[in-house]
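These protein sequence lines are chains A and B, in that order. Heads up: the first sequence is residues 128 to 521, going by this note's numbering. Heads up: the second sequence is residues 128 to 521, going by this note's numbering.
A couple of the hints might just be wrong.
No distinction is drawn between identical chains; accordingly, a pair holds when it is met within one copy or between any pair of copies.
As a list, the in silico EDC-like pairs of lysine to aspartate or glutamate whose alpha-carbon atoms are at most 20 angstroms apart [to be verified]:
(1) K251 - E363
(2) K170 - E205
(3) K272 - D248
(4) K487 - E435
(5) K271 - E468
(6) K520 - D294
(7) K520 - E470
No lab work stands behind these hints: they were computed from the structure. Since this is a predicted model, take the numbers as computed values, not measurements.
Protein chains: 2
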Amino acid sequence: MKNILILGGDGYLGWPTAMYLSSKNYKVTVVDNYFRRNICKEKNIESLLSNPDLIQRSNLWYKLTGKEIKVSIGDLTEISFMDSLFNGKIKLDWGNNNSFDLPDTVIHFAEQPSAPFSMIDSEKSNFTLINNVISTNNLINSIKKFNIKAHIIKLGTMGEYGTPNIDIEEGWLNVEHNNRKQKFLYPRQASSIYHTSKIMDTDLLWFAVRTWKIKVTDLMQGPVYGIFTKQTELNENLSTIFNYDEIFGTVINRFLTQAVIGYPLTIYGKGNQTRGYININDSIKCIELAIQNEPKNGELRIFNQISETLSVNQIAAKIVDCCKTIGISAQTSNKINPRVENEDHYYNPKYQALKDLGFKPSLFNEEIIIKMINEILKYKKNINESAIFNGVKW
Amino acid sequence: MKNILILGGDGYLGWPTAMYLSSKNYKVTVVDNYFRRNICKEKNIESLLSNPDLIQRSNLWYKLTGKEIKVSIGDLTEISFMDSLFNGKIKLDWGNNNSFDLPDTVIHFAEQPSAPFSMIDSEKSNFTLINNVISTNNLINSIKKFNIKAHIIKLGTMGEYGTPNIDIEEGWLNVEHNNRKQKFLYPRQASSIYHTSKIMDTDLLWFAVRTWKIKVTDLMQGPVYGIFTKQTELNENLSTIFNYDEIFGTVINRFLTQAVIGYPLTIYGKGNQTRGYININDSIKCIELAIQNEPKNGELRIFNQISETLSVNQIAAKIVDCCKTIGISAQTSNKINPRVENEDHYYNPKYQALKDLGFKPSLFNEEIIIKMINEILKYKKNINESAIFNGVKW
Numbered sequence: 128m129k130n131i132l133i134l135g136g137d138g139y140l141g142w143p144t145a146m147y148l149s150s151k152n153y154k155v156t157v158v159d160n161y162f163r164r165n166i167c168k169e170k171n172i173e174s175l176l177s178n179p180d181l182i183q184r185s186n187l188w189y190k191l192t193g194k195e196i197k198v199s200i201g202d203l204t205e206i207s208f209m210d211s212l213f214n215g216k217i218k219l220d221w222g223n224n225n226s227f228d229l230p231d232t233v234i235h236f237a238e239q240p241s242a243p244f245s246m247i248d249s250e251k252s253n254f255t256l257i258n259n260v261i262s263t264n265n266l267i268n269s270i271k272k273f274n275i276k277a278h279i280i281k282l283g284t285m286g287e288y289g290t291p292n293i294d295i296e297e298g299w300l301n302v303e304h305n306n307r308k309q310k311f312l313y314p315r316q317a318s319s320i321y322h323t324s325k326i327m328d329t330d331l332l333w334f335a336v337r338t339w340k341i342k343v344t345d346l347m348q349g350p351v352y353g354i355f356t357k358q359t360e361l362n363e364n365l366s367t368i369f370n371y372d373e374i375f376g377t378v379i380n381r382f383l384t385q386a387v388i389g390y391p392l393t394i395y396g397k398g399n400q401t402r403g404y405i406n407i408n409d410s411i412k413c414i415e416l417a418i419q420n421e422p423k424n425g426e427l428r429i430f431n432q433i434s435e436t437l438s439v440n441q442i443a444a445k446i447v448d449c450c451k452t453i454g455i456s457a458q459t460s461n462k463i464n465p466r467v468e469n470e471d472h473y474y475n476p477k478y479q480a481l482k483d484l485g486f487k488p489s490l491f492n493e494e495i496i497i498k499m500i501n502e503i504l505k506y507k508k509n510i511n512e513s514a515i516f517n518g519v520k521w
Numbered sequence: 128m129k130n131i132l133i134l135g136g137d138g139y140l141g142w143p144t145a146m147y148l149s150s151k152n153y154k155v156t157v158v159d160n161y162f163r164r165n166i167c168k169e170k171n172i173e174s175l176l177s178n179p180d181l182i183q184r185s186n187l188w189y190k191l192t193g194k195e196i197k198v199s200i201g202d203l204t205e206i207s208f209m210d211s212l213f214n215g216k217i218k219l220d221w222g223n224n225n226s227f228d229l230p231d232t233v234i235h236f237a238e239q240p241s242a243p244f245s246m247i248d249s250e251k252s253n254f255t256l257i258n259n260v261i262s263t264n265n266l267i268n269s270i271k272k273f274n275i276k277a278h279i280i281k282l283g284t285m286g287e288y289g290t291p292n293i294d295i296e297e298g299w300l301n302v303e304h305n306n307r308k309q310k311f312l313y314p315r316q317a318s319s320i321y322h323t324s325k326i327m328d329t330d331l332l333w334f335a336v337r338t339w340k341i342k343v344t345d346l347m348q349g350p351v352y353g354i355f356t357k358q359t360e361l362n363e364n365l366s367t368i369f370n371y372d373e374i375f376g377t378v379i380n381r382f383l384t385q386a387v388i389g390y391p392l393t394i395y396g397k398g399n400q401t402r403g404y405i406n407i408n409d410s411i412k413c414i415e416l417a418i419q420n421e422p423k424n425g426e427l428r429i430f431n432q433i434s435e436t437l438s439v440n441q442i443a444a445k446i447v448d449c450c451k452t453i454g455i456s457a458q459t460s461n462k463i464n465p466r467v468e469n470e471d472h473y474y475n476p477k478y479q480a481l482k483d484l485g486f487k488p489s490l491f492n493e494e495i496i497i498k499m500i501n502e503i504l505k506y507k508k509n510i511n512e513s514a515i516f517n518g519v520k521w
């Protein structure tokens, strides 16, 4: 089985992906600097669920399954730390030091993932740019120096495309102009510093693929929702970080938590803003498909990783309906949009390539909504209402 | 007259632009951290000419002309330093402290400007990305906080476009796709980390213009050549930094210096690589046109700033011919290309917008070539042959 290195293994997607791949007998190593959990603690916007640190969770995972998820704690913006993951000099904080093999596949989640966080002030704007761009540049450079055959799977975002008035293709656009033709990266125009930092990652990866023939899959993912996977359900202390605050909580997770405590669902502006969404279990399956189906060296392969498109109003209406079914009275409340974004726009993204590899999307339907609400209800007493809306502005 | 703030005022373009605008009675302040001159000293690739520091040169300029070019020395990647230029708390290192007015126009040259430098190793790659992206982000944030009407004139590069197989438009591309239309930033794909950092600057500026309605002119400039302006000719100690090494020396300046010492002109690969070039005096005139003709708030105006297109072989042939005329025997030498770039490619950039504002391009002709050679001959004894080619590789 392939050796998988997960950068950002403590995150919302990182840890469940690590357990899933470990359960399938991939050899998994996770790396993190605990930025996300530390900043959540500092800002008093902590996860709804109990999240022991990576060493404790890897230890528990080992006890329950007999499988090892190795752990290395460090900052990927430091060149020497990134190099250590590829040159055989890794320092493990958990796991058998004698058996580390160089990665076949690197899954790069190690980015500051919040648009609102990137917009709080100049310092956080700069932090987001440096953390995201330099971690990606260091990854490219370490691969180039030590391990040119390793496959990078990079988490991009559908937000890189913005909301253009033409169909959104999967990563590329064929242009005919003055009777000549050129295939370009699909033009990107994002609406936060975070999303702009992801465009910069794409700029870097495309340069590196052309120049050094590295091997990259860039997954343009929509906002992810969901609270459990088969593996997190094994034990409460294997849960993923679940944020419901306005900074790190994605809209569906946030709205469901608001519904549970009777906090009106905070619709920004008109609520016609439409995006592609994906369940956390679908996201992990897509990543596995990318691992199993490698691009060639010198190829930048781009997939749009979503299961369906929904407007904010559609999401709110589905949640309100399901709440009614189970006897919860949920309401909505329109807020003056704190963001600068189009509230009425064309949105027609293509998302066929992952389906062609076998991906079967699951939808945001009554079954999943009610299951998520029931799960959140168990932790109702933990919900900190003051985290939900403070109006971080653009 | 407008108050002009020049970021990167110690550089090849920064200092001559400062003197030119000061001579035209603009109120000019220059800012720099001396990165370029320090790194050139460290790497033993110093300027051909004598370049006293900014304080000494401003002092001399004042003695010769009675005009004041204010100086503030600091690092523009520090938020508080950038803020000080816009919030009235500037700390001047030269010039009358009581009379500093907030800038009407900011000319942003403050970037690590060398493609080869950015490709030396991981540290210099990261430095280039951080310096260039964060200085631009800080500029945007300070303008947003303190001075939203200030006009940013940003030096971009034609290298952002790369060498696509279709015509290069001025900044934007109208796309028709599946019977719908969208105007996009012209898709960019550069071939060094430096050039990629400039694409990132464009990503940031475009985000900021849409979000906060700042006012930006982005000048997509080709490689600049030239050694003197009317102002540098006033006194030897008012010269600009003139590099002829493989790291900071642009190809024309480098080839002319090589010709003077009988070092065969180093043509990388086939030499059919074609770019847009511009003389330093033309470059300064274009900047003045941008100052005089402001865009509106909320507008990102992009001009391609070149005077003509030339291949490396054409440049070399012109130089060899002119050398013959004045009795210098110049030769060429084809080197295995140390860069990853297309050596045969389509290249048809548009550059009409600045001409529409009154720009009259001067060309790389016998007159300018012979004048430059005669100037370089005066400093022949200073030329350090070992700086010319060490083969920094991509």
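Within a copy, between copies, both or neither: where do K487 and E435 come within 20 angstroms Cα-Cα? The answer is within: 11 angstroms in one copy meets 20 angstroms, while 54 angstroms across copies does not.
For K170 and E205, with the copy left unspecified, which applies at a CA distance of at most 20 angstroms: within, between, both, or neither? neither (25 angstroms within a copy, 24 angstroms between copies)
State whether the alpha carbon distance between K520 and D294 is at most 20 angstroms within one copy, between copies, both, or neither. Answer is neither; intra-copy 29 angstroms and inter-copy 40 angstroms both fail.
Homomeric proximity label, K251 with E363: Cα distance no greater than 20 angstroms: Cα proximity of K251 and E363: none, with 32 angstroms in one copy and 45 angstroms across.
Homo-oligomer pair classification [D248, K272; C-alpha up to 20 angstroms]: Between copies only: 10 angstroms across, 36 angstroms inside.
Given identical chains, is K271 near E468, meaning Cα to Cα at most 20 angstroms, within a copy, between copies, both, or neither? between (38 angstroms within a copy, 18 angstroms between copies)
For K520 vs E470, is the C-alpha pair at or below 20 angstroms within one copy, between two copies, both, or neither? For K520 and E470, only the intra-copy Cα distance (16 angstroms) is at most 20 angstroms; the inter-copy one is 48 angstroms.
Hints 1, 2 and 6 from the earlier list are contradicted by this structure; the remaining hints agree with it.
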